[in-house]
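There are 2 protein chains.
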Amino acid sequence: MASVSAHPDVMEKLVSLAKRRGFIFQSSEIYGGTGSVWDYGPLGVELKKNVKDRWWHAMVRARDDIEGLDAAILMHPRVWEASGHVAGFTDPLIDCRNCKRRFRADDPAIKGTPGTPDAQCPVCGSKGTLSEPRLFNLMFKTFMGPMEESAAIVYLRPETAQGIFVNFLNVQQSTRQKIPFGIAQIGKAFRNEITPGNFIFRTREFEQMEMQFFVEPGTDEEHFEYWKAQRMEWHRSLGLAPDRLRYKPHEQLAHYARAAADIEFDFGGSLGYQEIEGIHNRSDFDLGRHQEYSGKKLEYFDQPKNRRYIPYVIETSVGADRTTLALLVNAYREEEVPGETEGRTVLGLAPSIAPIKAGVFPLVKKDGMPEMAERVANDLRRTFPIFYDDGGAIGRRYRRQDEVGTPFGITIDGQSTQDGTVTVRDRDTLQQVRVAADQLRGYIAERVAPAE
Amino acid sequence: MASVSAHPDVMEKLVSLAKRRGFIFQSSEIYGGTGSVWDYGPLGVELKKNVKDRWWHAMVRARDDIEGLDAAILMHPRVWEASGHVAGFTDPLIDCRNCKRRFRADDPAIKGTPGTPDAQCPVCGSKGTLSEPRLFNLMFKTFMGPMEESAAIVYLRPETAQGIFVNFLNVQQSTRQKIPFGIAQIGKAFRNEITPGNFIFRTREFEQMEMQFFVEPGTDEEHFEYWKAQRMEWHRSLGLAPDRLRYKPHEQLAHYARAAADIEFDFGGSLGYQEIEGIHNRSDFDLGRHQEYSGKKLEYFDQPKNRRYIPYVIETSVGADRTTLALLVNAYREEEVPGETEGRTVLGLAPSIAPIKAGVFPLVKKDGMPEMAERVANDLRRTFPIFYDDGGAIGRRYRRQDEVGTPFGITIDGQSTQDGTVTVRDRDTLQQVRVAADQLRGYIAERVAPAE
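Sequences listed follow chains H and U, in order.
At position 118 of the first sequence (counting the first as 1) the number is 931 in this note's numbering, and the numbers step up by one without a gap.
At position 399 of the second sequence (counting the first as 1) the number is 1212 in this note's numbering, and the numbers step up by one without a gap.
So that you can see chain H by itself, here it is in the shape it has in the complex (with noise of 0.2 Å):
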């Protein structure tokens, strides 16, 4: 359990803006919700977009050693007896023959010892009426075929792994790779998860980004030291608090796993410290049961050493969403402006994942400006989300962009008609400088380019 946190607990305000301006919207809202599901909207798509693109590219485009997968979340139903997740993937739940609601068996609600009659139910408050705990599978299961009688069962993928595992030699041999390499994958994966919650902390349906590389036994620490240093850097290079990031190794391993640690973020308040990332060495447990499920040889020659074996995997697995909430979370600050009563809320999100790169505002409705700043918002939005945006004051409109992390505020003024220049404010100095309007794309594309 994490202890409270030194930083303050800003989930509330966060969950209030996300939907007041489009990050993120409760899942069929408008009939009531859908437990642990949610929308990104106009703005949330984009920065999970930009979180994808970078884990994408710094994994797949800018290695010559990982190679891109996109494996169906419908699979064989075989696969997931072979992973382990038809008799293993259980939560302990209780429930209450009184009122029929069910409970995890380590919800600290509960008093006394269920299964007997002190036992007390944390709804109804009927005494000795909750069962013993029993073990649920939190796999969604869905039919293939058009009647459920007949059909074969499958299950929504609860991670995207296996789909990597079972691909295993035909992107070997259609790349010819040789290891040490890997794969990586982004995509969907669902959880029958009884209790989720914290916003999109926890959900049912969630997207991971997970690779594993695949390696020689004997060869599995160093490339496990390796990644454990290469994800946290790349979570840094997203604008995460180098302080408010940490390796959390596991005290008790899964029975598969020869090593595994966590890179925890501080999401401040009560939530604190919590896992954005896990890096785990699963040894050859994963490849050797998919031989032995499937009786199809999962073997890897090494030719130059002469050599067969089952490699050895070092899997990263990110979740695409926890990231997001923890950049939201990281960047989330309220703060008073030198010279100015009202003060302001700004997400300090990097230039290179914020969701809208430049505000574009004519000073006022007139004079030629409109038209000026149309023309440049235009131009710019060729190559970067832009917001034009003439209504209200100017301080005000900054404040918009200021809210929703828009690094950029350029404004079209009676100076710009006359010489072509307009000025570029930046969100968190304040400070604004004169650039000739056709020098603005390089200018932003520049400052939002990420640091290689």
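Honestly, the hints are just simulated from the structure, not real lab data.
Incorrect hints may have been included.
[As the list claims (entries may be wrong)] For the chain H half of the interface with chain U, some residues (derived, Cβ under 10 Å), not all of them: (1) V828; (2) K832; (3) S840; (4) G845; (5) K862; (6) V873; (7) T929; (8) P930; (9) A932; (10) M957; (11) G958.
For every residue, glycine included, the Cβ atom is placed at its ideal position computed from N, Cα and C.
Fit chain U to the known structure of chain H by using the hints.
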């Protein structure tokens, strides 16, 4: 039904090439496959990502009147009652009481009238064992919450559109958009088809790119025509041959539709012309139904006109998988090479959507060529997907890249290590030019940028 096309049937060759070179694999292949579900391999995922990114840029980022969205796959079950899918998203099916097989009612292999003694099962040959057609819903069903009996039945969305309709006001209010404006989304959808097929043309799990444009009633016809033209232009901009694209007006309209047209592509062979995109005038049907079923007002207030109304919707709905398949079919060619005995297979993909932008090859593995080639490859890889290959004869390495659509082949030869220039070979013209290595990034960037 499409008539036989004058273009050759390349599907079988494409399926083979797609597997061998890592575009598309059968899902869960080592377990015998999952019916009509496919996995995208290293090259396929890049090609499809390029298609999706082009759509997102054209529909969202480059426009100021369309907002992006990413709604969840799992929605409130009432959504599908309101949309009409629970009652009406069905196929008539016939089953055989003897062999238990199931058929679509329009299956041409069925002889006689099902439900009568003279009907014969096309599989087991029994007479009089075929049932009358019965309606089966095509939505995949699952259960949210831990127990099937007590849990809510939820569906995997059969289309992304409803996620846009239920978020109409959330998006409009958070972005302050004024009608006419649109909401666009890319995402997975699922249909429990009884007769899917033709590779990735009709699959049970697929990815849609949908946009709903909300307009004032009475202006819907002009917007419908505008979007018909826009969308055709987009397909052409990807490089699909104009003479293989056509409009197909719907002869029978769905009950909610005021007008509908498909964009069809000629896939060749017996498949011929098939729908890749639909453009629909859906009137106020969807918002009206959601207003009725949710009890929430979904009206728009037009301030200048002082008019309150439920907007009409013009929808553009295109399959990312179908577009990817059309691009592969369109690009595939086998040809003779002047002066060579062996022919070649080429994917003539537009450089902007090709999965790999350049192959980098040292002419021979000595005299510093591999070292320089690796430097060139690593430098370019920061910007583009690049394939480095030092194995085998140079002609063979060119051919391998031709076959996957790589537009440029960069060779480092003896002269390169002397004067810093390399040869760049054009996939289509086979012309080679010498370019200074430090100018390569600009040279390629210019040629792989989409035409504006």
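> Quick check: which numbered hints come out false for this structure?
Replying inline: The structure conflicts with hints 1, 7, 8 and 9, although it agrees with all the remaining ones.
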